[in-house]
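Asks: Guided by the hints, dock chains V and B onto chain E, whose structure is given.
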Amino acid sequence: MKMHYGFPIIIGLVIFIGALCAPFAMGTIVTKKYEEPKLVLPKGEKECIESKEYMRTNHMQLLNEWRDWALRDGERTYTNHAGKEFKISLQNTCMKCHNNKADFCDKCHTDAGVSPYCWDCHTQPEGLK
Amino acid sequence: MLELALKGSKRYFAWVAFLLVLIGIGGLAYLDQLMVGLKTTGMSRDVSWGFYISQLTYLVGLAASGVMIVLPNYFHGYKANKHMVIFGEFMAIAACIMCLLFVVVDIGQPSRMMNLFLHPSPNSVLFWDAMVINGYLFLNLFVGWTCLTADRARLPHPKWLKPFIYISIIWAFSIHTVTAFLYQGLPGRHYWLTAILAARFLASAFCAGPAILTLVMLVVERVTTFKIPRNALKTLVKIIAYAMCVNMFFFALEVFTAFYSNMPGHTHPLVYLFAGVHGHHELVGLMWTFIGFAAISITMLVTPKLRNNMKLLPWTLVILVIATWLDKGLGLLIGGFNPTPFNTITPYWPTGKELLVSMMIYAIGALIVTVLFKVATDVKKEMGHSQKLPCGCSTEDGCDCAAAEEAEAAPAE
Amino acid sequence: MKNNRRNFIKLAGIAAAGLAVAPKAMASGGGHSPASVNKDAIHAKHWGMVIDTTKLNTEEAIAKLAKVCHSIHNVPTIPNNQDVKWLWADSYAHTFPEQENPHLAEEVHQRAYPLLCNHCEEPSCVRVCPTKATFKRADGIVAMDYHRCIGCRYCMAACPFGSRSFNWGEPREYLDLAKLNPEFPTRMRGVVEKCNFCVERLAVGKLPACVEASEGAIVFGDLTDPDSDVRKVLRERFTIRRKPTVGTEPSVYYII
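Quick note, the sequences are listed as chains E, V and B, same order. Each residue of the first sequence is one higher than the one before, starting from 6 at the first, in our numbering. Each residue of the second sequence is one higher than the one before, starting from 111 at the first, in our numbering. Each residue of the third sequence is one higher than the one before, starting from 23 at the first, in our numbering.
Isolated chain E (complex conformation):
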């Protein structure tokens, strides 16, 4: 049975499926060469606000909650799961230990392709050029 316009349709399908799968194919090649970013950890402190696993998954959510607690509710002390108290401030608490944005924050953010707009206002500890 002859397909109507069969030739262009098959060609189109091949191109379409090829284009659809191309990123995955490219990704497999890139993933093999991908190395996890080398984060520069703070020198003095070993413990962050919360555990490493918690911060990895939740630091975005935590910062969102922090900014509303501090600015809108006027509550600027945070008690973590272990009962330790911290001052709620990106610039004065987080960045006191993680004192270089380019060596820490940017490492993962650049690889993940996210650009949080925190830094449009909050100044990074290493200073602005």
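If you are wondering where the hints come from, they were derived from the structure by calculation, not from laboratory data. Predicted model, so just to flag it, every value in this text is computed and none were measured.
Lysine-lysine pairs mimicking DSBU-like chemistry, simulated, CA-CA at most 30 angstroms apart: (1) 89/B with 92/E; (2) 149/V with 89/B; (3) 86/B with 149/V; (4) 61/B with 92/E; (5) 32/B with 269/V; (6) 89/B with 254/B; (7) 89/E with 228/B; (8) 48/E with 134/E; (9) 158/B with 61/B; (10) 32/B with 272/V.
Pair ranges (Cβ atoms, derived): (11) 260/V with 267/B: 53 to 59 angstroms; (12) 113/B with 416/V: 51 to 57 angstroms; (13) 398/V with 121/E: 51 to 57 angstroms; (14) 111/V with 44/E: 56 to 62 angstroms; (15) 121/E with 89/B: 31 to 37 angstroms; (16) 267/B with 355/V: 30 to 36 angstroms.
Covered by chain V, according to a simulated footprint, are these stretches of chain B (three or more residues, beta-carbon under 8 angstroms): (17) 108-122; (18) 190-201.
From the three backbone atoms N, C-alpha and C, an ideal C-beta is built for every residue, glycine too.
Replies: Quick look at chains V and B alone, frame taken from chain E:
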């Protein structure tokens, strides 16, 4: 039905291409504004709202204008308006979209636009303004599209549509009242702090809006086979005449209150606008042009011989539109912010980039009007509604000119 | 069953709506918030300020205070009419336009007066903000949430005192990047800002910077506490507020 907008004459596509070019140029100016910030505009710390918000205010009036065709038709069974209703509704769609676009280009953080919906604040009139303009947009889309589809299928308009139409008539009054409330509830701005501002807005909406709609329809008459039913046009022009008289009467009331009471808060903005203050005379010429043009257009509208002169009508309407635009588009905003809370004058004039972005939005509105009106006029042509007759009348006029009358194929209402 | 497709769709719609609401309903099942107020914060029911213009009345003195305020808050210095200012000086005619008289004492007319946000009790700016980005705190301070502000500038139109500034461009272009205060953020373009009564200093037990730098010319305290410094001063001296007729009830008083 939208496929009707995809076919047209060379002139139609040339016009669309022209609009797209304007949109492109304005779009570049807007991109610059997005990258650099609103400092590309002429606004300042003292005059923090300018051309964009003034155009929003003027266009809300245009959006409310359709109601002057819809209301007589549905509340009073004025059948002459039947085939004009769709154009009022489609114009309202374009006007509402332009209003919303003017808000978007005016805010400093457009990426946070959704905060208006994520953090609703019923205490803020701006929140309500966003809600009612969006609501009116969807009402008109819904009602207009349904009615036109029914017309094309030679079916009666669905009965369940009636409540929506009645709501849209009331809603039309509300959109301009809410926009006026934006201004008239602010304690520090004496030019705006007047109960009659909402009434003034409605009055100027009901003359300027139908005037613009009529002008566009006169253009439509030239480029399509559509012909406005004679009585519909006459009535609309009478409504424009009354509304303009009421508009200027309300303005005179403001002038009386200000100058008879002699209270500085009331007199200073008017003196700045019409005579100049502290050596600032920037707006005096334009404001007196508004008064002069208003007087001319009222004279031409009130005198029956001049009002019914079809050759004169476009000029009358253009003069009226200019007058109301100078009042509401320029005088209102600049007079509201000047004198400043410190009793100083900070002059304002839009920059070129501001005007280019505004041109982009007006071109988008024109494009929407073009597409929607193309659809509507094509359907009317298919149905044989309100078409041009060789004698110059419309098929709805019931004229007994020599040419054969076409039977009205209008479906039941 | 007749219309079983219609019934199915109705049921599916209700189920979807229920699923959409369920997580919210379950999450709001309480639990204490891990955030609390700083232990060394100073509190008040209604913060107020009294400015003694017999002591603080020259442009230089006010500029000195403005410099302190602007430098700790990273406020840019913009040389045109799209400027940003939290605290500044102006003449009597511009500060108190409703309280002019042609025979006012010459000396009063010559003074410079400091202007800032009045942190009103009935703020019209808060009433008009469509996102609640500006809001009144329980202690009376009218605060700005820069994260939420969409830059519509309705608050600027509503303020009868002209206290608010908008960032028309990037403020960092007008800041000396080497001299920023690293403990306080800058702002970005597209948001409105104004004096914040130094909430970040109050939270750690310090008085506002301008109060500290004024050497006693500005008194700051709780207007509801009859024994506070502000109430003492208000009992002893005659004070006026800017534009009393607009009804916003400013919390900043001026000793003339």
